[in-house]
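Number of protein chains: 2
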Amino acid sequence: MSRLWNFSAGPAAIPTAVLEQAQRELLEWNGSGASVMELSHRGKRFIALAAQAEADLRELMSIPADYAVLFLQGGATQHFAQIPMNLAAEGARADYMVAGHWGEKAASEAAPYVRVNIAASSKSDQYLHLPSPESWTLDPGAAYVHYTPNETIHGVEYHDIPDVGEVPLVADMSSNILSGPVDVSRFGLIYAGAQKNIGPSGLVVMIIRRDLLQRATRPMARIFRYAEHAAADSMLNTPNTWGWYLAGLTFQWLKDQGGLVAMAERNRAKADLLYNAIDGSGGFYRNPIAVADRSRMNVPFTLHDSALDAAFLQASEAAGLLALKGHKALGGMRASLYNAVPLEAVQALVGFMADFAQRHG
Amino acid sequence: MSRLWNFSAGPAAIPTAVLEQAQRELLEWNGSGASVMELSHRGKRFIALAAQAEADLRELMSIPADYAVLFLQGGATQHFAQIPMNLAAEGARADYMVAGHWGEKAASEAAPYVRVNIAASSKSDQYLHLPSPESWTLDPGAAYVHYTPNETIHGVEYHDIPDVGEVPLVADMSSNILSGPVDVSRFGLIYAGAQKNIGPSGLVVMIIRRDLLQRATRPMARIFRYAEHAAADSMLNTPNTWGWYLAGLTFQWLKDQGGLVAMAERNRAKADLLYNAIDGSGGFYRNPIAVADRSRMNVPFTLHDSALDAAFLQASEAAGLLALKGHKALGGMRASLYNAVPLEAVQALVGFMADFAQRHG
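Note that the protein sequences, when read in sequence, are chains A and B.
Using my numbering, the first residue of the first sequence is number 1, and each one after it goes up by one.
Using my numbering, the first residue of the second sequence is number 1, and each one after it goes up by one.
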């Protein structure tokens, strides 16, 4: 057995070069006499690692100095709740723009802490496209506007940053962070679960404009306050040190690959290859999303006859193509094309798809 | 360079055999074609791994069926806050027994969510012993009693479970879980950050009596409710899959070692060896804790002349003994002797200590 092409939606593929380095130094890291997992987060060696990871992320994303970078736990889902706790006073309102499952979930977990206004939604159209700007009902008095730039289940993605005026824009970038350059200064807060484009699960990376750190006025434990985490360099308590380490290796790998401009080009090429295969299959395969709103990261597609689904999954796995089963909410297939999925994987996939269509067409 | 003897207080030593297995299968786990970190937590392979880890922990600790076992995130510190959110109604009272730094911290993080009664404290005696039972002021109407069975900084440990009557007993076992057998049925809730006796940081293991899951009545996001995590088999959102995997390997290693009775014997032998070396040093080394209350896991000690501290630390590291520097709150030295620290490590330490004392006595 060896490593196969992995299209998992998350936890997802990690660059093989990153895993190989982690494997080499798993028992003894960097001359320390111990695994990186066995070192105090407060020791000099780990603090240097942590600072280097932050510096590399700042360089990759051109993060302005007035933004703090935090390495947290709890998954994006915990921060669906913690963000209103930190950014909204009790009784305040917040706008949520909903373009799929994760936007819905963010709004619902926020509801105990803020008055949620669904300022945009394409749910009535089954999330087949983004909410059109004419339909937005933004509240200029909102504490913030939350949106999900890429929806992993529905396969829609914002290719431009929505203009929400002066209200701080909060983005759950779990599934498309680092997939291309982004103007961080347009955001109040960016957060991402690591398990798609950064590293293993159990780590959340957050980029927050420092003035927003002062907004948490309601009573809560220190551990929930982003300002406390920022003041403690994300070591208010023991962080996920392994996750932080692998994130750092991934950031170095991204720099080696040429940074986010290069990644954007590759991700565009990968997505184009797959969408062209689907659209050019004469209806054998189908992706229903409005073309302009299609995700580069997650490509859901169906077969013209769902009775072929089981055969497709069995044959694709036999061909070394992993985790193509679609989310249960939509059925069908889904291929996730995060940074660590190389073009060769997508070439293998479209080759398999063409062959399968020919055999079953 | 190779692996040295690691006395870190946490993140701490992990059994070498566990790390070797993790290293072997880092790139490709269990015939899956991917790293265990790259697999969906909702796939059959990972679900089987997760269930096996839980079953092994249940076997090791003889956990009764009316207790749920959860694999969570956030560190013990987050659960200092989340426990009162879940176990106490708004306005309710809870008792805290405080025998060191971590008991204090648990009480202070709980304060926004429950009326904290310090029902016992040895702070006025600098935590040199446990609070004596005659001094306890337990409240029969408390929602729960919280205590810290082992204090990593001060080096005190409860060797018996406190009798708190019918009120549910909540224990932060971060630093002594799995160090010996424990009667789980005496507890309402046991929780532990993984980074001392279980695995890497970023994982919390919780054992909770199922009837207590129904106590969370205040408004909060689903992600904070233990009942939701229990209902979802700790997959309410993406768990720390790597941490869960390494915890499972550690549980198997513990079974291979003969289980918790065998570990208790070894831990007793290790601690006795070190305490005897300290007490028999003619005052060169000193541990100030009441003998009956001394921790088997964390042994703080001072040199008779603190001007020798720097030389001791430099020479011990040169001798392959890592992370002996004491916590900054107490100064001096500290040796943590968790499960993964073998007797040979303590033998090397006491040999070094005798030699150092002879050279500097």
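In case anyone wonders, no lab produced these hints; they're calculated from the structure.
Please note that the accuracy of each hint is not assured.
[Stated by the list, open to error] Have a look at the derived ranges for each label pair, beta carbon to beta carbon: (1) GLY320(B) x MET235(A): 20 to 30 Å; (2) LYS123(A) x ILE47(B): 39 to 49 Å; (3) GLY141(B) x LYS328(A): 56 to 66 Å; (4) VAL291(A) x SER62(B): 24 to 34 Å; (5) ALA292(B) x SER108(A): 33 to 43 Å; (6) SER108(A) x ASP279(B): 56 to 66 Å; (7) GLY351(B) x LYS328(A): 20 to 30 Å; (8) ARG359(A) x ALA48(B): 50 to 60 Å.
[Unchecked claim] If we take Cβ atoms under 8 Å as the criterion, some of the chain A residues that face chain B in the derived model are: (9) LEU4; (10) ALA34; (11) MET37; (12) GLN214; (13) ALA216; (14) THR217; (15) PRO219; (16) PHE224; (17) GLY243; (18) LEU343.
All figures in this text were calculated on a predicted structure; none of them were measured in a lab.
Ideal placement from N, C-alpha and C gives every residue a C-beta, glycine not left out.
Results of checking the hints against the structure:
no. : hint                              : result
1   : GLY320(B) x MET235(A): 20 to 30 Å : 27 Å, holds
2   : LYS123(A) x ILE47(B): 39 to 49 Å  : 30 Å, violated
3   : GLY141(B) x LYS328(A): 56 to 66 Å : 46 Å, violated
4   : VAL291(A) x SER62(B): 24 to 34 Å  : 59 Å, violated
5   : ALA292(B) x SER108(A): 33 to 43 Å : 52 Å, violated
6   : SER108(A) x ASP279(B): 56 to 66 Å : 59 Å, holds
7   : GLY351(B) x LYS328(A): 20 to 30 Å : 60 Å, violated
8   : ARG359(A) x ALA48(B): 50 to 60 Å  : 32 Å, violated
9   : LEU4                              : 3 Å, holds
10  : ALA34                             : 5 Å, holds
11  : MET37                             : 4 Å, holds
12  : GLN214                            : 18 Å, violated
13  : ALA216                            : 12 Å, violated
14  : THR217                            : 13 Å, violated
15  : PRO219                            : 4 Å, holds
16  : PHE224                            : 7 Å, holds
17  : GLY243                            : 6 Å, holds
18  : LEU343                            : 18 Å, violated
Violation of the numbered hints given earlier is confined to hints 2, 3, 4, 5, 7, 8, 12, 13, 14, 18; the remaining hints are satisfied by the structure.
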